[in-house]
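Asker: What follows is the residue order along each chain.
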Amino acid sequence: MADLTRADVAHLAGLARIDLSDAELDRMVGELGVILEAVATVQQAPIADVEPMSHPMPIVNVTRPDVVRPSLSPQDALAAAPETEQQRFSVPRILDEE
Amino acid sequence: MSTATEPVLGFDEALATYDPVMGLEVHVELGTATKMFCGCPTEFGAEPNTQTCPVCLGLPGALPVVNEKAVESAIRIGLALNCSIAPWCRFARKNYFYPDMPKNFQTSQYDEPIAFEGYLDVELDDGSTYRVEIERAHMEEDTGKSLHVGGSTGRIHGATHSLVDYNRAGIPLVEIVTKPMLGAGERAPEVAKAYVATLRDLLKALEVSDVKMEQGSMRCDVNLSLMPKGSAVLGTRTETKNVNSLRSVERAVRYEIGRHAAVLSGGGSITQETRHWHEDTGITTSGRPKSDADDYRYFPEPDLVPVAPAAETVEALRATLPEPPAERRRRLQTTWGYSDLEMRDVMNAGLVELVEETVAAGASPAAARKWWSGEIARRANTEGEDVPTYAERLGVTPAHVVELEGLVTAGRLNDSMARQAWEGVLDGEGTPTAVADARGLELVQDTGALEAAVDAVIAANPDVADKIRDGKVQAVGALIGQVMREMKGQADAGVARTIILERLGQA
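Residue numbers (the numbering used here), protein chains in the order written: chain Z, 1 to 98; chain C, 99 to 605.
Treat the hints as calculated values from the structure; they're not laboratory data.
None of the values given here were measured: they were computed from a predicted structure.
No residue lacks a Cβ here, since even glycine has one placed at the ideal position from N, Cα and C.
Check the hints yourself; a few may be wrong.
[To be verified] Where chain Z lies over chain C, by a calculated footprint (3+ residues, C-beta under 8 Å):
| no. | segment |
| --- | --- |
| 1 | 129-136 |
| 2 | 155-166 |
| 3 | 258-267 |
[Said to hold, decoys possible] So these bits of chain Z aren't anywhere near chain C, every CB distance computed over 10 Å:
| no. | residue |
| --- | --- |
| 4 | Leu4 |
| 5 | Leu15 |
| 6 | Ala16 |
| 7 | Asp19 |
| 8 | Met57 |
| 9 | Val62 |
| 10 | Pro65 |
| 11 | Val67 |
| 12 | Ala77 |
| 13 | Gln87 |
| 14 | Val91 |
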């Protein structure tokens, strides 16, 4: 695997909406690099004869009928929200994007 | 975000130098009773956050289960678009950090769509056909709705915070993506509009969605790029989001062609980005730079097992497909004996079903078209409604048209009386017969009175009468008009004509 660059980390931070200082960026390049290196060990597994798998169970077509089940009350739905307003989740200002 | 107006080249000038290439992405909210992965209801317009549960709120430990009907609808859409149906496919997580999805990802399909490689033939106004190649149709879920607070216009710009309602989050969507549409030239705006209209009609016929663009149950993103004439290299594209009416689709394509052309012919280059469509001003403004697919870090959804429709299931669903709208249209036009223009008018006014029901109830196709597209259309238009909606609200039915035509063919009403009776029906005065009774509408059956009127008119117009005697039969119209006035409209103009011609030796 190619080494993680400072630009990679800055890009990822942007996607994740995390504001990192220059010092933090430098630190993250090192720390994330170590983690990637550790995880990269997995790539040494002999998988030539192994089918890719995205689910541990070899089953397909688990569906449910299109029948309404009770929803949460709005009070319960909003209970864990740090802030609410007009029965909605209040979230910090979103960047100039839509 | 820049809101400054950008230079735009004239449409003809742009098309003289460049060929437009379009790609349309249409999102359709399926009309299922429940969401894609949970049993929450999908009702439009419910109180905020009353249709949520741990699954669609992305609470820890909640597990999604696929809605069987949504999968069936997606397969039927794929089949109707002449697509292949994947014998095995998976959902994927599309990761992004934005509060409209509480999970921080949208469950979608990535490289394994349920349907792929199809086409939709689109008929244009001149009767020619443009084949739109379909790249894929895949299943995903809708996002929540954000309300931006503190900005002057409710838009994101200048907002202090946002309020999110997750009722819509998780509603099943099918996204239909075209391949690049080439070779439309100056007809690109028309082709784009016709494609969306044809797709809407098809989805309606499939009964998989209410396809209400104004309510957002069908939404359109328009990708557009230009390439110099003669070139085979695609240019950089922009993606104009949320173009949500047929007219806007046409306008947005036209605008972006002009804008791209102005940039390119000025020696500039197009930035790959999303654009915001402004319905009021008919322009687009710069949005965010387009994320690469890599940025979404797609990976197979580990909480869902693959969807693997058996061939028999697919064939059973194929058997449920309705007659394709274009074929149905041709069949009805032939059956009804309408001209192309008449058929188009009936279609554009949304009258096909109403005419069909009226004919089935016993009216002639001509009468069905005539009565549903006249006065009632004018009134519906004034009310800002389409005729079927307006008629339903008024309680005016195909049976009324059948009855009205019956009164005319039975000789009780002439055309002008029938119009008055119809107006009475629209005014809520009851059935055509009731209106005719109440308003005293009745052709004078007493030929004695009519003959007397004819004799009086002939006597008063000796010159015209002589002309008719000499064989100028077309002059009879002037006399008929006068006879009808004498009779205060309560006579059958055809009978009046016969009597006049008899009297003047032209019968």
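Asker: Taking the shortest Cβ-to-Cβ distance between Val62/Z and chain C, state whether it exceeds 10 Å.
Answerer: 5 Å, violated
Asker: Is the Cβ of Ala77/Z more than 10 Å away from each Cβ in chain C?
Answerer: About 5 Å separates Ala77/Z from the closest Cβ of chain C, which leaves it inside 10 Å; violated.
Asker: Test the statement that Leu4/Z is away from the interface with chain C: the closest C-beta pair must be farther apart than 10 Å.
Answerer: Answer for Leu4/Z: holds, closest chain C Cβ roughly 15 Å.
Asker: Closer than 8 Å, Cβ to Cβ, for at least three residues: run that test on the segment 258-267 of chain C against chain Z and report holds or violated.
Answerer: It holds, with 7 qualifying residues against the three required.
Asker: Could you check that no beta carbon of chain C comes within 10 Å of the beta carbon of Gln87/Z?
Answerer: 5 Å, violated
Asker: Are there three or more residues in the segment 155-166 of chain C whose C-beta lies within less than 8 Å of some C-beta in chain Z?
Answerer: holds (count 6)
Asker: Test the statement that Leu15/Z is away from the interface with chain C: the closest C-beta pair must be farther apart than 10 Å.
Answerer: Incorrect as stated: the minimum Cβ-Cβ distance to chain C is 6 Å, not above 10 Å.
Asker: At 10 Å, judged by beta carbons, does Ala16/Z keep clear of chain C as stated?
Answerer: 5 Å, violated
Asker: Decide, holds or violated, for the assertion that all CB atoms of chain C are farther than 10 Å from the CB of Val91/Z.
Answerer: About 4 Å separates Val91/Z from the closest Cβ of chain C, which leaves it inside 10 Å; violated.
Asker: Taking 8 Å as the C-beta cutoff, is the stated coverage of the segment 129-136 of chain C by chain Z satisfied by three or more residues?
Answerer: holds (count 4)
Asker: Beyond 10 Å from every chain C Cβ: check whether that's true for Asp19/Z.
Answerer: 12 Å, holds
Asker: Would Pro65/Z pass as off the interface with chain C, using Cβ distances and a cut of 10 Å?
Answerer: 6 Å, violated
Violated hints, listed in ascending order, are 5, 6, 8, 9, 10, 11, 12, 13 and 14; each of the other numbered hints is respected by the structure.
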